[in-house]
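Student: The primary structure of each chain is shown beneath.
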Amino acid sequence: MTDALTLDHVSKRFGSHQAVDAISLRIPAGSIYGFLGQNGAGKTTTIRMIMSIYYPDSGQITVLGEPNSESIKDRLGYLPEEKGLYKKMKAWELLAYFGTLKGVPKADAKVKARQLLETVGLGEFSDHRCEQLSKGMGQKVQILATIMHDPELVILDEPFSGLDPVNVEMMREVILKMKRDGRTVIFSTHVMENAEKLCDGIVMIHRGQKVLDGTLAEVKTGGDRGIQIDYDGDSSILRELPGITRINDSGKHAEIFLATGTDPQEILKRLVGRLVIRRFDLREPSLHEVFFRAVKGESHE
Amino acid sequence: MSNKTWLVARREVLENIRTKGFWVGVLMLPIIMVVSVALPRFLEGQKEVRKYAVVDRSGWMLAAIDERAAMPDMQRVLREAIDARRDDPARYAEFPELLRKFVDTLDQIWDNPALVPDPALPEADRKRAREKKEDEVLEGVAMFIGDPSAFECQLPLASMKDALRQASERLAPLRDSVQQWWKSLPPEAASKFEARTAKKLYERIELPTGGEDEVFEALNQKIAKGDLFAYFVIGTDPVLKGDGLRYASANLTDGDLLDWFSRHANAVVRDKRLDEKDIDKLTAQWVQKPLVVDSRKIGKGGKEEESTKADKARQWAPMVFAYILWISIFTITQMLLTNTIEEKSSRIIEVLLSSVSPLQLMMGKIFGIAMTGLLMVGSWTLSFVLIFKYLPGLLAIKFDFDISQIATDPYLLLSFLVYFTLGYLFYASLLVGVGAACDTLKEAQNLMGPISVVMMIPIMAIAFLAQDPNSRLAVIMSYIPPFTPFVMMNRAAGPPTLMEYVTTTALLLVSIVIVMWAAAKVFRVGILMSGKAPSFKDIIVWIKAPVGQVPERTHGPTK
Chain A
1 MTDALTLDHV
11 SKRFGSHQAV
21 DAISLRIPAG
31 SIYGFLGQNG
41 AGKTTTIRMI
51 MSIYYPDSGQ
61 ITVLGEPNSE
71 SIKDRLGYLP
81 EEKGLYKKMK
91 AWELLAYFGT
101 LKGVPKADAK
111 VKARQLLETV
121 GLGEFSDHRC
131 EQLSKGMGQK
141 VQILATIMHD
151 PELVILDEPF
161 SGLDPVNVEM
171 MREVILKMKR
181 DGRTVIFSTH
191 VMENAEKLCD
201 GIVMIHRGQK
211 VLDGTLAEVK
221 TGGDRGIQID
231 YDGDSSILRE
241 LPGITRINDS
251 GKHAEIFLAT
261 GTDPQEILKR
271 LVGRLVIRRF
281 DLREPSLHEV
291 FFRAVKGESH
301 E
Chain B
1 MSNKTWLVAR
11 REVLENIRTK
21 GFWVGVLMLP
31 IIMVVSVALP
41 RFLEGQKEVR
51 KYAVVDRSGW
61 MLAAIDERAA
71 MPDMQRVLRE
81 AIDARRDDPA
91 RYAEFPELLR
101 KFVDTLDQIW
111 DNPALVPDPA
121 LPEADRKRAR
131 EKKEDEVLEG
141 VAMFIGDPSA
151 FECQLPLASM
161 KDALRQASER
171 LAPLRDSVQQ
181 WWKSLPPEAA
191 SKFEARTAKK
201 LYERIELPTG
211 GEDEVFEALN
221 QKIAKGDLFA
231 YFVIGTDPVL
241 KGDGLRYASA
251 NLTDGDLLDW
261 FSRHANAVVR
271 DKRLDEKDID
281 KLTAQWVQKP
291 LVVDSRKIGK
301 GGKEEESTKA
311 DKARQWAPMV
321 FAYILWISIF
331 TITQMLLTNT
341 IEEKSSRIIE
351 VLLSSVSPLQ
361 LMMGKIFGIA
371 MTGLLMVGSW
381 TLSFVLIFKY
391 LPGLLAIKFD
401 FDISQIATDP
411 YLLLSFLVYF
421 TLGYLFYASL
431 LVGVGAACDT
441 LKEAQNLMGP
451 ISVVMMIPIM
461 AIAFLAQDPN
471 SRLAVIMSYI
481 PPFTPFVMMN
491 RAAGPPTLME
501 YVTTTALLLV
511 SIVIVMWAAA
521 KVFRVGILMS
531 GKAPSFKDII
541 VWIKAPVGQV
551 PERTHGPTK
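Residue numbers (the numbering used here), protein chains in the order written: chain A, 1 to 301; chain B, 1 to 559.
Hints are computed from structural coordinates only; laboratory data are not their basis.
Just so we're clear, the structure is a prediction, and the values are computed from it rather than from any experiment.
Fair warning: there could be bad hints in the mix.
As the list claims (entries may be wrong) - Straight line, CA to CA, 30 angstroms or less: simulated DSS-like cross-link-like pairs of lysine-lysine:
1) B:K289 - B:K20
2) A:K90 - B:K20
3) B:K20 - A:K88
4) B:K132 - B:K222
5) A:K135 - B:K20
As the list claims (entries may be wrong) - Here are some of the chain B residues that sit facing chain A, going by a computed Cβ distance under 10 angstroms:
6) N3
7) R10
8) T19
9) Q288
10) V351
11) S357
Heads up, the beta-carbon is just placed ideally off N, CA and C, and yes, glycines get one too.
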């Protein structure tokens, strides 16, 4: 499988702040890849360098086999974290404009813009000015703008932030559709659940450095297995369990990691009767846990 | 220009010409021009007839004043009739036969050699000189209609004395009837021949009957009720004694009627006084004649030229252009600044930068707004030309020939467009840099401070420089690039030497390149930054830093 993107010891410094520190990675074509990390970890800077909005101070970025990413901007689609629209432009005009900026011929852009709006159910709004659209409609238009020109590689910076559940679902659909259409998708997020459900592979970035990289299966196999439970009741009992190393408790769901030699059956026995257990299974650790271990207990949100 | 720069520029133009502000800008100048020409005329037309009454204690003066006051009207009507006879036979046919006969007789004197202007003069000056002499003759003829004895002393051109005397003999039989005709003509009918007659503006009403006290009582009542605008009381002997004229009105601010009436009364009294002392009217006129001042302009070749009103206009016209230039550059660059900040604060910039390079984006914006600006000033110059060409016909008014010629002078219009483009590029580069560095207009205003001060200097100097376009200060200022467009525009009357044009323009072009280069660097760094506005020190660091490196700010976060 060819690589859609490779980074080789890429670094970027803002004054005295090392935003990205010698990151190397490979992303195979046709996959969905997640950039995970806390806010300010360096995800956006990395993405901006891939889009050649910033130049790296050192290191080499190869996008779609092309070392000079400036020259292949037209084959990339990009949705920045902070999204805006020209308020006074009509929806179709805006799409057509962004399309032509990416090299779509003007006549085609007109047709394509209306077609795309039709596919997301905004056909009747294509002549509305962007300021007249609701927030959700605006978000759809922004996403359409990234694929107006049939890009081979789509990069979405925090695509899920600020979306309501319906739009999160819509965004997930869009990403999967992109993959089905043969595009490579990279998106960044600090919400592990989003990545876990979608990604073929992930890259974890912490304080400008890469801490983990690989397919979902690869990154998970390193860690020991844990017990996942769904429960109702007073969770304080969980903390009193003997022979466990860590608990990620979310109130109705908990992930329990056992010290070596502890029998999972023993844990189950202790919990039965004190909590209503609706699910109990032994499986790979969640991404959340993987990330936590990778940054070795450093504070996270 | 790369294709993407062009796309950005195109969008800027399309977006801007859809705004109300653009159309207000486009229409503002022509509307102001048309209104400033048409409104006073409209208001004049709307003015009500001022009714006045005169109590004449002298017993003779009122008649003399009436006669004299009719002369300027008569002169205007004659002028109209003569012009119509020459250019517009259909209109000439509307004048009464009596007047046409009069004008036909008068026409024979127009061929007099004294009226033919110096053939060496340029066409435009010749026409003007001829009209001026004709007006003098007409003044004499109008006086003659009022008072045959006045004719001789009013003779304007001594060399035409004989011709005019002959004409007056032929005109004598018609004189009384023309006078009668004009006297009995109602104001509305009079304005058909000539709009600006005193007849239309002022109407004298008959006095109420009764003793003097009753008359005054009645007049005062009329004024209080608004039936009468004012009344005059002429003294028993204004010629010899001091009791001249009394004026009574409810409105002392509108002095038109008083000016008009007292001007004619004054002339009557003056003539009468000359008679009293047996002073020859010609002598008196000669005594009163002011010293002739003949201003000559020494041209480039060291030759004397006649100084005309056109020269004066030519001197001041560039100043007007310099003001318009300044206003248009200021408006358009402000548009660019707000536009850039809006794009930055609405976060569209990052999507754009994923498609175009910062340099392409910046140049696209600069060129897009430049095209918007050129559309605006282009439409101004076009409406300028159209207004001067067609408005006179539409509103039936005459513009001063020189003014309209200068306002549409291609040399001035072309240098206006060139200096607009150059000046715009200079200031646009500065402001696009400022816009990229700031998040809000408020922040931008801090950085704009010094730029605004620099921009204020030429506007303050404009009137001063127009007086002496080739002064040392003017020359020095021409070589300072931020001032070059305004000062050179302003000096067009000089005009500057070709060498000056070449060197100042070259200097300006070089500085445009430098400012654009610096702006590109600031744009590149600043456009994605948000947070506290950078200081001047930060911006200098940005400009110095190599491309690609993002320098730290002296304060505030870097993102």
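Student: Out of the numbered hints, which ones does the structure contradict?
Tutor: 1, 4 and 9
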